[in-house]
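As given, the protein sequences belong to chains C and L, one line each in that order. Take the first sequence: its position 39, counting from 1, is numbered 39 in this note's numbering, and each next residue is one higher. Remember, this note's numbering sits 1000 above the position in the second sequence when you count from 1.
Derived from the structure by calculation, the hints contain no laboratory data. Check each hint, because a few of them may be wrong.
Using 16 Å as the maximum straight-line C-alpha spacing, the simulated EDC-like pairs for lysine to aspartate or glutamate come out as follows [unchecked claim]:
1. L/1102 to C/53
2. C/18 to C/67
3. L/1102 to C/44
4. L/1102 to C/56
5. L/1073 to L/1022
6. L/1102 to C/96
7. L/1003 to C/44
8. L/1073 to L/1061
9. C/40 to C/96
10. L/1003 to L/1022
11. C/36 to L/1029
12. C/22 to C/84
13. L/1102 to L/1055
14. L/1102 to L/1029
15. C/19 to C/85
16. C/41 to L/1110
17. L/1070 to L/1022
18. L/1073 to L/1056
19. C/41 to C/84
20. L/1070 to L/1056
21. C/40 to L/1110
22. L/1114 to L/1015
23. C/36 to C/84
24. L/1070 to L/1055
With the Cβ distance kept under 7 Å, some of the chain L side facing chain C (calculated, not the full set) [to be verified]:
25. 1009
26. 1010
27. 1045
28. 1105
29. 1107
What follows is a set of in silico ranges between Cβ atoms, one per label pair, in the way DEER data are often shown [as the list claims (entries may be wrong)]:
30. C/17 to L/1017: 46 to 54 Å
31. L/1012 to C/18: 43 to 51 Å
32. L/1055 to C/110: 35 to 43 Å
33. L/1040 to C/15: 27 to 35 Å
34. C/69 to L/1110: 31 to 39 Å
35. C/53 to L/1114: 26 to 34 Å
36. L/1017 to C/8: 38 to 46 Å
Because the structure is a prediction, the values reported are computed rather than measured. Note that beta-carbon positions come from the ideal geometry of N, C-alpha and C, so glycine has one too.
Here is what each chain is made of, one letter per residue.
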Amino acid sequence: ETGVTQTPRHLVMGMTNKKSLKCEQHLGHNAMYWYKQSAKKPLELMFVYSLEERVENNSVPSRFSPECPNSSHLFLHLHTLQPEDSALYLCASSQDVVQRTGAFFGQGTRLTVV
Amino acid sequence: AQKITQTQPGMFVQEKEAVTLDCTYDTSDQSYGLFWYKQPSSGEMIFLIYQGSYDEQNATEGRYSLNFQKARKSANLVISASQLGDSAMYFCAMSPYNQGGKLIFGQGTELSVKP
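For reference, chain L alone in the conformation it holds in the complex (with noise of 0.2 Å):
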């Protein structure tokens, strides 16, 4: 079964530091993408950064960087230079790129930053 596990409900970090939320992804198949979202208490999902299969570097976006670790089928979240603005939930996603669309969504982590 296909499935994204995120082990840390909560995380606190301290303003201007640098915070890492984990991911662990698992799949059968070869072809798919990763994804990191954020989605603030007003409700939206804002996309972050993502990580294709095959991408042998990590991605990379402005603060944002995706540790991509196939072997270990983890896609862990860097956030570089933590901003009060940051506090929001975190979710990491998978879509294999055979189904047609589907996102497959972790259960979230909910990141305070502390100024």
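Bound-form chain C, shown alone (with noise of 0.2 Å):
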């Protein structure tokens, strides 16, 4: 138990599709964050959220629009995804956005764009 729950774990969609992917934590941290991890590739920050506001985009294409709704939970909705977007999408959560202490992270969401 990480602490940090993402759903689904496993998730194919179509160019057309959109669905969403969803993170909720209990560790009463205050910064949550978006990872892409594409195979051979280093993990990649999409997107940073502190108390409920995003500090950081990382250059990632509006196709990807993430919302954090409280403290505790974080999205990322997806719509007119690419093949190329199929990645393990891992969510994380920080005591604070300085890491001094190390981020938790979820078991990722498996994603295939077909």
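Both chains are given apart, each in its own frame, so use the hints to dock them into the complex.
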């Protein structure tokens, strides 16, 4: 039990579909993140939220839309994705954005775009 | 540019032996954190150990220790007394304190522990 839960664990979607990834943390953390992990590439930061405000958007295409309704929940809304968007999407949280204690990650959503 | 380099794509170690996973980093920031994460085949990233750039002593957490050499910009992970359950991908990461929580990851090292 890592304290960060992601749903669904696996998702297959067509390029015209709209879907959402959900992340939930019960650690009392103030910062939440979305990362993308593609095969043979380092993890890439997508978005950072601190106290429900987006503080970083790492040049992510607009077909990815994050939402943070409260400090415990983070969503990633997906629409008109491309096959190259197939990857493992990892959510993480940390006490604060200044990381001195390490981020806690969820188990990820394995996304396949067909 | 900030970058993490892990030069060992794969490593083998005999059970009960120690192993060192290499990590070098490149940054012009003075204040940053260095981290190691473990990723088993199930996918989750498990935080192992943290070293602050101003910490003079090497960090230790159980069987994990971080060999921090600031002048050489290296942050190698040492795992003592390897166990079969240590087989996984290991990622080195850096977080500059002034960059809003961003973790910069290396490409990872796949560690296989042999019985």
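Here is what the structure says about each hint:
1. L/1102 to C/53: Answer holds: residue 1102 of chain L to residue 53 of chain C is near 15 Å, not above 16 Å.
2. C/18 to C/67: Judged against 16 Å, a Cα distance of about 15 Å means the pair holds.
3. L/1102 to C/44: holds, 9 Å
4. L/1102 to C/56: holds, 8 Å
5. L/1073 to L/1022: With a Cα-Cα distance of about 11 Å, the restraint between residue 1073 of chain L and residue 1022 of chain L holds, given a limit of 16 Å.
6. L/1102 to C/96: holds, 11 Å
7. L/1003 to C/44: holds, 12 Å
8. L/1073 to L/1061: This hinted pair is violated, its Cα atoms lying about 21 Å apart.
9. C/40 to C/96: Violated - the C-alpha atoms of residue 96 of chain C and residue 40 of chain C are around 29 Å apart, more than 16 Å.
10. L/1003 to L/1022: holds, 14 Å
11. C/36 to L/1029: Violated: residue 36 of chain C and residue 1029 of chain L sit about 25 Å apart, past 16 Å.
12. C/22 to C/84: Violated: residue 22 of chain C and residue 84 of chain C sit about 21 Å apart, past 16 Å.
13. L/1102 to L/1055: violated, 20 Å
14. L/1102 to L/1029: Distance of about 13 Å is within 16 Å: holds.
15. C/19 to C/85: This hinted pair holds, its Cα atoms lying about 13 Å apart.
16. C/41 to L/1110: holds, 13 Å
17. L/1070 to L/1022: holds, 14 Å
18. L/1073 to L/1056: holds, 14 Å
19. C/41 to C/84: Status holds; Cα separation ~13 Å.
20. L/1070 to L/1056: It holds: about 9 Å lies between the C-alpha atoms, which stays within 16 Å.
21. C/40 to L/1110: holds, 12 Å
22. L/1114 to L/1015: holds, 6 Å
23. C/36 to C/84: Holds: residue 36 of chain C and residue 84 of chain C sit about 12 Å apart, inside 16 Å.
24. L/1070 to L/1055: Since the Cα atoms of residue 1070 of chain L and residue 1055 of chain L sit roughly 10 Å apart, the hinted pair holds (cutoff 16 Å).
25. 1009: Interface hint status for residue 1009 of chain L: violated (10 Å vs cutoff 7 Å).
26. 1010: Constraint on residue 1010 of chain L not satisfied, violated at 13 Å.
27. 1045: holds, 4 Å
28. 1105: holds, 4 Å
29. 1107: At 5 Å from the nearest chain C Cβ, residue 1107 of chain L passes the 7 Å test, so the hint holds.
30. C/17 to L/1017: 46 to 54 Å: For residue 17 of chain C and residue 1017 of chain L the Cβ distance comes to about 49 Å; the hint holds.
31. L/1012 to C/18: 43 to 51 Å: holds, 45 Å
32. L/1055 to C/110: 35 to 43 Å: At 36 Å between Cβs, range holds.
33. L/1040 to C/15: 27 to 35 Å: holds, 31 Å
34. C/69 to L/1110: 31 to 39 Å: holds, 38 Å
35. C/53 to L/1114: 26 to 34 Å: violated, 48 Å
36. L/1017 to C/8: 38 to 46 Å: holds, 40 Å
The structure fails to meet hints 8, 9, 11, 12, 13, 25, 26 and 35 from the earlier list, while all remaining hints are met.
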